[in-house]
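> One letter stands for each residue in the lines below.
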Amino acid sequence: MATQASRAAGRLMISPAVIVLFLWMIVPLGMTIYFSFLRYNLLIPGDHAFAGFENYQFFFTDPNFWPALINTLLLVGGVLLITTVGGILLALLLDQPMFGQGIVRVLVIAPFFVMPTVSALVWKNMFMNPVNGIFGWLANVFGVPPYDFLSQAPLLSIILIVAWQWLPFATLILLTALQSLDSEQLEAAEMDGAGPFSRFFHIMLPHLSRAATVVILIQTIFLLSIFAEILVTTNGGPGNASTNLTYLVYSQSLLQYDVGLGSAGGIVAVILANIVAIFLMRMIGKNLEA
Amino acid sequence: MARASTTQRKIVVTVIAWIIALAIFFPILWTILTSFKTEADAIAIPPKFLNFTWTLDNYITVQERSDYFRHFMNSVIISLGSTVLALIVAIPAAWSMAFVPGKRTKDILMWMLSTKMMPAVGVLIPIYLIFRDWGLLDSRTGLIIVLMLMNLPIVVWMLYTYFKEIPGEILEAARMDGASLGKEILYVLTPMAVPGIASTLLLNIILAWNEAFWTLNLTTSNAAPLSTFIASYSSPEGLFYAKLSAASTMAIAPILILGWFSQKQLVRGLTFGAVK
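Going line by line, the protein sequences match chains A and B.
Be aware that the first sequence starts at 1, since it is given in the numbering used here, and climbs by one per residue.
Be aware that the second sequence starts at 1, since it is given in the numbering used here, and climbs by one per residue.
Derived from the structure by calculation, the hints contain no laboratory data.
Do not take every clue at face value.
Calculated from the model, a selection of chain B residues having no Cβ within reach of chain A, i.e. all distances over 10 Å [to be verified]:
#1 5
#2 36
#3 53
#4 68
#5 73
#6 93
#7 123
#8 135
#9 156
#10 166
#11 193
Chain B stretches covered by chain A per the calculated footprint, using a threshold of three residues with CB under 8 Å from any CB of chain A [stated by the list, open to error]:
#12 81–92
#13 143–155
#14 196–206
For glycine and all other residues, C-beta sits at the position ideal for the given N, C-alpha and C.
Here chain B stands alone, though its shape is the one from the complex (with noise of 0.2 Å):
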């Protein structure tokens, strides 16, 4: 009796809990269905939702007018550019206030936390200008570098947290044992925090790719990654649903699947390890 009043709970939470997360991924599917449809289908009314000719037409033709690789390739560059460098810088940083905390290791990580919460738009008019007489305006460059500094103190932070985790005996076991601080490093620090590292880089090249502030402001057609790309069919363009959605696919599909490869590290990093 209670077991089958249980299977029976089962079942209304499951059917509940699939029509609310469909509804909620519907836009997404939505996007995907269109973007193989042609344009007369997608904006057919009623919508065909899975009963029209099926093409790749619209991936074609968003390649071929809009050099759509290049945008696409100047996202991975600088979401990696920006990541790689900001790991470059953070590693250490939160290897020693992890391992060699001294007196003030919490002021400067929560000094560092506080650069984040500068609203962007403070600071936009200075680097708009110090970029456009540096020549770094449109330039990958100028965005790798800009991205990389909005994100370092989450990374430094995700790193921390990680870092603080790998228990220090085991350090002083290595040392007893004769081994050099760079063996040290590399032989016994190194294996433990190689997942903390790579959740650290999932999250970050996620929040690059999507990061659409300084991208609108700073990037116009040569440098612009796929965030500023899609921005331009706002324009008339965007009643093009088939080839909008295409465009779309394209700029989101990476990440889908980046994303849900990391959705506790997510949790994480996002809320500066306050919740895990």
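The shape of chain A in the complex, shown without the other chains (with noise of 0.2 Å):
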């Protein structure tokens, strides 16, 4: 029943969020789809000469692209499937009745809360390190030689720190799904004989299955673009063993300066981030019509 005056007014008070989201959205994003065609290097002065498809040609046949392309999807995989399965099995834990069920919530949380340089950093230096970290004196203490994670494993290193800081998303989001179950439904279950496996698998599982599909996609959506974790441990390397995307990018544009050639990486990882985006967008969309 909205008249005339308050649909106009409702415009107005739209446009400034529209406006300011579609110059952040549309004009960097042409600026760079712009200098993926042009030959520009910071390092060399002068006009910039079209160049056509020859930095997407540079950067398919860069030998870090493929090794950076697998690195990215090895990351992003493996620390879902550690806070996918970690999370429905941490989520039906914490929904049994306990003895300070508060406290164990707020701890499990916390890793959430914490700023990537920080976890990464105190993972790098006071677990992972093999001389003076946690991980050095036990492996000490049950007699094996002590591991040099972030340079003999520095993808799965990484991948460990990621998958701590986001185990706790996975987990709350699962744990706040399973408590809006219907325990009624449950019970019934159990009284007709059901036991807690079949529970499990009938009732629960496919009512998580939709909080776990948005765990997945949001967290693709995050994971894609992991840089700082990877920054301050490893710099990408050894070689380019902990490189993925993101930094691959990082490192072309504003380490070798390389306008033309990050431009166009850019645009291959917004073209990978809309394959998942759209998936994610189609669950969400059903949702505002319910």
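Join these two chains into a complex; the hints should help.
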């Protein structure tokens, strides 16, 4: 029943948000696309000649590209695997009656609030350092040679650090979903003689699937852009062993000053993220109608 | 019999849950403990858990050597500034979409969401070059603007889901009683909207405080917030565990406390209302 006047007022109220977001998304993205077709290096002054698809060709044939793409997928996949499976198990555990539930919850959620540079450095130095770290000490206690995590298995180490940060997120969301499950339904199933496993697989898991999908999709968006954890632990190395797409673009553009090549990489990253985004948007859009 | 077994079960669950929770929390606890050690105790093997001389020296040294407080204030100003700015732009938008929805409201919401899906690295170069040309590199103003734009979609969405829950009948009742639009907003809607706005503010401060892509790429020293400052410990300086721990403890403490208060809102905000 909105009147014409209130519609106009409504439009006026939305426009600042729409305009700034439009500028933020369209202008820089347009510039990135434009740069990606230029021969443009900050160290080489002069005009920027049109280069066609040269930058894309260089980007795809860069020896670092395929490793970076694979690392990106491994990083996202590894963290998703740990956090989703771990999150479901933890959520089931935290949903049980226990003493001090509130405190347990608070302790489990805490890592999510630690800034990425802090968690990466704490893990790198105080845990994974083979000489002074806790893991090195534990290895000694058990009589095995200490393991230099970040140089021998850099990507796996980063996966572990990032998984530690995101496990609370998955747990929290899955726990919220679990608590919204109708307890009468579970009781009815129990009365009908359904054991704990069949209750889990036939009632809880289907109920959790929506929340789990949301967890996976949202984490993917963030995990595709992991940057700080790599920068402060390995700088993408040794070699390119822990370079992901985001880090590769950063190093090409801000370390090697190749704007054209970096832009082409940026566009590839955008396309990759958009593939995920389409699925996520559909899920959230469906929810809007409900 | 049945009761005894439930109690037993509860005890077993409690023990398992506490062990896991403490293991997950341990890195944070360890950082806090280490921040009160001397550097020698911090790298002692076997590690000293509580049997060390407690000292506040690290906190004092970190402040003296690197002007810690300035970076702390940068974090406060940048996260608060970007949040308040985002709220100023987002409140009217979310308001009108919730109460005067048009045909395209849903499209606008989805489009706003889609801007959040764009990876930052896709616009890193233009933003960097624009900031360089406009003298915004390493400035708090520049970072406030970028973080505000980055989090704006989440802010609009969160506010929208909260405003949606305010019953429209209340507005009609107020209108019938002859309240003007201004009075309606001031006396009827605002009190009902405050909790939602407060939660949005809280979540957004957390996100802005911990942001570590733009802060690392756009600031170096002057405007560097804590996330950039802590990254400087990735140099050999990071080998001073006790000082790294002191700097880290101060950087995460405010957000840990805020975060624990906002658990529920976190779920809602980060899932764009898809899980409540």
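> Could you check the structure against the hints above and give me the numbers of any it violates, in ascending order?
6, 7, 9, 14
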